[in-house]
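Going down the list, the sequences are from chains A and B.
All the letters of the first sequence, read from the start, carry residue numbers 1 to 126 under the numbering used here.
All the letters of the second sequence, read from the start, carry residue numbers 127 to 1022 under the numbering used here.
The hints are simulated quantities; they were obtained by calculation from the structure and are not laboratory data.
Values in this document were obtained by computation on a predicted structure and should not be read as measured data.
A few of these clues could be false.
In silico EDC-like links for lysine to aspartate or glutamate, alpha-carbon gap of 16 Å or less [stated by the list, open to error]:
no., chain 1, residue 1, chain 2, residue 2
1, A, K43, B, E184
2, A, K43, B, E168
3, A, K40, B, E199
4, A, K62, A, D47
5, A, K40, B, D167
6, A, K62, B, E149
7, A, K62, B, D167
8, A, K62, B, E168
9, A, K33, A, E93
10, A, K40, B, E164
11, A, K33, B, E199
12, A, K9, A, E98
13, A, K33, B, E164
14, A, K40, B, E168
15, A, K43, A, E72
16, A, K33, A, D47
17, A, K33, A, D74
18, A, K43, B, D180
19, A, K43, B, E164
20, A, K62, B, E157
21, A, K62, A, D30
22, A, K9, A, E93
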Amino acid sequence: MSERTSPPKSPQSYLPLTPPLFHVLMALADGDKHGYAIMKDVKQRTDGEVRLSAGTLYGIIKRLVASGMIRELDPPPGMTRDDARRRRSYHLEPLGREVARAEAERLERMLSIARAKNLFIRPEPA
Amino acid sequence: MSTSRESRSNRIFRRLLRVFPFEFRRDYGEEMELVFREQCDEAARAGRCAGWLDLWWETLAGILRTAPREHAEMLRQDLGYAVRALRGNLGFTAVAVLSLALGIGANSAIFSLVHGVLLRPLPYPEPDRLVRIWAARGQLGSSPATSLHDFEDWRAQSTVFESMAVYAPRYGNLTRDALPRRISYALASADFFTVVGLGPARGRTPTAAEDQPGNDSVAVVSHRFWQRELGGRGDVVGTTVTLDGRPLEVVGVMPPGFDFPPGAGTELWKPLGMRAEDSGDRGGRWIPALARLRPGVSRTTAQAEMTAIARRLAEAHPATNTGWGAALRPLHEEVVGDTRPALLMLWAAVGLVLLIVCANLANLLLARGTARRQEIALRAVLGAGRWRLVRQLLSESLLLALAGGIAGLGLARLLLALLPALAGGRVPLLDRVGLEPAVLVFTLALALVTGILFGLLPAVRCSRSDLATALKEGDARGLVPRAHGRVRAALVVAEVALSVVVLVAAGLLLRSLADLIRVDPGFSARGVLSLTVAPPWGFDYTGVEPEEFVRRMMADRARTAVFYRELLERIAALPGVAAAGAVNRQPLEGPWWGNYFVVEQRPVPSPGEEMHALARVVTPGYFTTLGIPLVAGRLLRSADDAGAPRVVVINQAMARTFWSDADPLGQRIDLQDYPGPPAWATVVGIVGDVRYAGLQTTPMPACYWTFPQGRSGHFDDWGMRLLVRAEGDPLPLIAAVRREVAALDPGLPVYGVRRMDEVLAGAAGPERFRTVLLGGFAALALVLTAVGVYGVTAYTVALRTHEMGVRVALGAPRARLVGLVVGQGMALVGGGALVGLILALGLSHFLASLVYGVGATDPWTFVAVGLVLLAATLAACILPARRAARVDPILALRRE
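Construct all of the structure, not just a fragment, from the sequences and the given hints.
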C-alpha cells in the first residue's frame, strides 16, 4: 500500500498543478470517493473534456498519497480484505484542500488579467 | 458478444498492466482492473463501437504516459539508495571503481585499436569493392606486383571489374629553391582515381592521353603538399614542381586527408607514362595492380574469372607465365597485414582481465552483502519485494560500473597516447585510432554489461536472506549460508583459470620476443649509421627499346659508379670513420629485390622450377662495414669494375640450396635481369647469411654484385644505402656525411638517416608492441587474482574464528592452523590452475601463429607461469593464515 513518503511542503510549492491532478483534487473536495467515482465525477463536471484513464488516474492518486494531499480510507467494517483493496476510497486531506484552493486562486488571477486585457471582447466586424 | 468482448478486454488489460513496476501493480493493480471493468460495462451499455475505441485509446495513452514515469521514479529511488550505500563505504567504492576503471579502460583502449584498424572501413567510397591483384604462384609464393603486359591482358579480358589501374609507390627528389627534399610519390595509370573513387578538390586528374610516354609531365598533389610546398595558393593549378630534375605541371589538388593507401604519406601522383612494350619482359613483375569490382559481383566470382584468364595467359606465354595465377585480396586486408591476429589476441586478453575484475567484485559484493543482511532484511520487512531488493542491489553495481567506465575512458585516453611510441610505426592505420563515438558507445554498453555480470549473482543471493534469523542476530559471522562460500570459491577458481590463460599467452610472447632478439641477424649493427641517397637517372628511358634501355642505363650507371666511389672514399677518409660501404637494400629492409638465375652447364630450369635469389648491389666496403664474415674465397674488390671479368659473391644459403654436393666457387651464373645473351659471372666468394627479409624469416639465397658490374638493382627512387661504421658514436658523423654528399652534388638530398642498431631493434617492433601490452595485462590479471584469493581466504578465516579458537584450546600447533588455511586457499588455486592449463592448451593452435621460435605448448613457459602464480597466491594466502594462527582462543570462544 502506498503511503506518504515525502515531508510536507507549503501549498504554493506544488503549483502549478496539471489539469488532471487539479480535477482529481476537486472531485474529492465534496466528499470521499473511490477510483471509478472520481473518474466519473471528472468526466461529468467537464462535459467529457477531461477523461482520465485507469493508468493516468492511479498514477495521480499515487503521487497525491505520497505527498500527503489525499489519504486512503480504512475499509468499512464487514468488508473482506480483497474487496477493501479493490474498492479503496480516498479522502482529501487539509494540505490537498489548500493546494486545490491555491491553484484555483492562481487560475482566477490569470482570468482577471485576461479580462483586464479585454481578451473576451470580440472586435466589431468591419 | 458484448460479454466476450468485455472479458477479452479485461484479459488484455491485465496483461498490459505488466508494463508497470511490480510495486505499482501490487498496490493499485486490482483497483485498476476493477475500474477498467466498470468502464467496459459502461461502453457495453452504450453499445457504440466508437465508445470501445475511445476507451482503448484513452487506456493505452494513459499507460504509455504513466508507466515510464513510474519506472523512472523507481530508478531515481534505486539510484538514490545506491549512492547513499556507496557513500557509506568509500573504501570499498574506491577499490571497486579502480578495478573497473582498469578493466573497462583497457578494453576501451584495445577496442579503439581494433575499431580504427580492423573495423572502420577505409576512407574511400564503397571500400569493400576495392581489391589488390597479386600474381599468385601457389607454394612457390606470390608476388604483390605484376607486369604491365599481364595487367593490360587482364584489363582487356576481364568483365568483373568496373575499373582497373596500376600504382607504383616511389620516392623522388623534389627540388625547390635549390633545397632538395625527398618525397613519397606514386606512378599511377590513368584510371587510378576512378578506381579509388575520389576526385580532386581543385583542378582535375590526368587524362588517358597524359598517361602516354612523353605526355606525362603532369601531377596531382596532396592537400598537405599544396599547403606546405606551394603556399596554399589559390592559383595552384598550372604551377610547376620539379621532381627528379623533371618539371611537372600541377593539374589538381586532392582533398584534405586523402592518402593511398591510408598512412602511406604520398604527396604527389603522376601518370605512369609507360606502355607495356616499354616496360621490359612480361616476366618482370614490378608494379602493383588495383581494381574496383562491379556492383553486385562477389569476390568469389571475380576470382574465378581471373583464374581462368591467368590460365589462358600461361598457355599463351609459357616461358613467363607457367604456374602464375592471379589472386584477389581485399584492400583493407592488404593494409592491415598480419596485425589482425595480434589485435584480436589483445582484445581477448583484456576481455579475460575484465572477467577477472567481475569475479573479484562479485566476491566483494557477496562478502558485503553478508555484512548487510540485517539492513536488507529490514527493507524486506518494510515492504520491499524480493525483486525490488535485487534491483536496488543491482543499481549499486551499475552505478559502480558506470563510474568505472567513466574513469576507464580517462585511462584509455592515456593508453592511446602511449600507443604510437609502443607501436614504433609498425601498426597500420594508427592515425585513425582514437576515442570515436563507436568507442564511447562500446564503453557505455560494456559498463552496463559488466555491472550486470558482477552484480546480478550477489544481488540475487543476498536478497534471499533468512529474514527472521538476520533480524534476530546482529553479527553476520557464522550465519552466512554455506552456498555463499561455495559460490565465492567457484569465482576464485574461475579467476585463477582465466589468469593462467592470460599469463601463458604473455609468457609465450615474452619467450618469443626473447628468442627473436637473440636471433643472429648476420651482421654487426653497433656503431653503424645508415643514410640514403638516390641520384636520379641521367638519361631518358621513356619509349626506348629494351636493348637501347640497357645500353643507356649501363652508360649512366658508369657515371653513377664514379659518384659512389668518390663519395665513399671521401666518407671513409673522415675522422672517426672505421669503414664505409653501400648497398641497394640493407638488411631487415625486406626481401625485394631478387631475380631468377641460371648456372652455366646446367640444364635451364623449366617454367615453374626456376632458381631464384635475392640480388644485392654493393660497394666493396659493404661486407667489412657490416661485419659480414667471409666463409670461402674472396670478397668483392674495387678492381671488379665495368671493364673487369664479371664476378659475384653468394651467401651460404645460396651455396647450400643450389650446390649441396659441389663447390660453388668458380661456377658461373647469369642473373636473368635483362633479355639478351647471358652475362656470366664467376662465383668468387661465399659470405655469411644475412637476414634481409626480417628476423623471423630464414635467410634466403642471396648474391652480391659490384655497382659497376650489376645491370639492375639500382633505381632512381631506391638509391643506395650508405653504411658508415664509426669508431665511436656514429651520430656526430651525420653532418659530416651530409657535407660530403653536398660537395659532390648540392641538389641531392640525404634522407632515411638511422642507426643500424635502431633498425635491428625496430625489426622486433610488432612483437615488442604486443608483448609489452599483453605483459601489462597479464600483470594486472595476476594482481587481481591474488587480491581475489586473499579476499576469499581472509573471509574463510573470519568465518572459522570459533573453530580456530577451539583447535588452539585443544592444543593444536599454530603452524598447523597456518597449513590448514594455506592448504584450503591453494586447493582453490590448484583447481583453477588445472582448468586454466586445459584452456591454454586448447588455445595453443591460435597462439602458435603469434610466436617465434617456441612452441605454443612450451613446457618451460607453463612451468614459469605456474611458479609465478604459486608465488603470488601463496603470499595472498599466508597473510590471513598468519592472522588465523594469532587467534586468541579465549576471545574466540567467549564471542560464541
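**Request:** May I ask which of the numbered hints given earlier this structure violates, with the numbers listed in increasing order?
**Result:** Hints 3, 4, 7, 8, 11, 15, 16, 21 not satisfied by this model.
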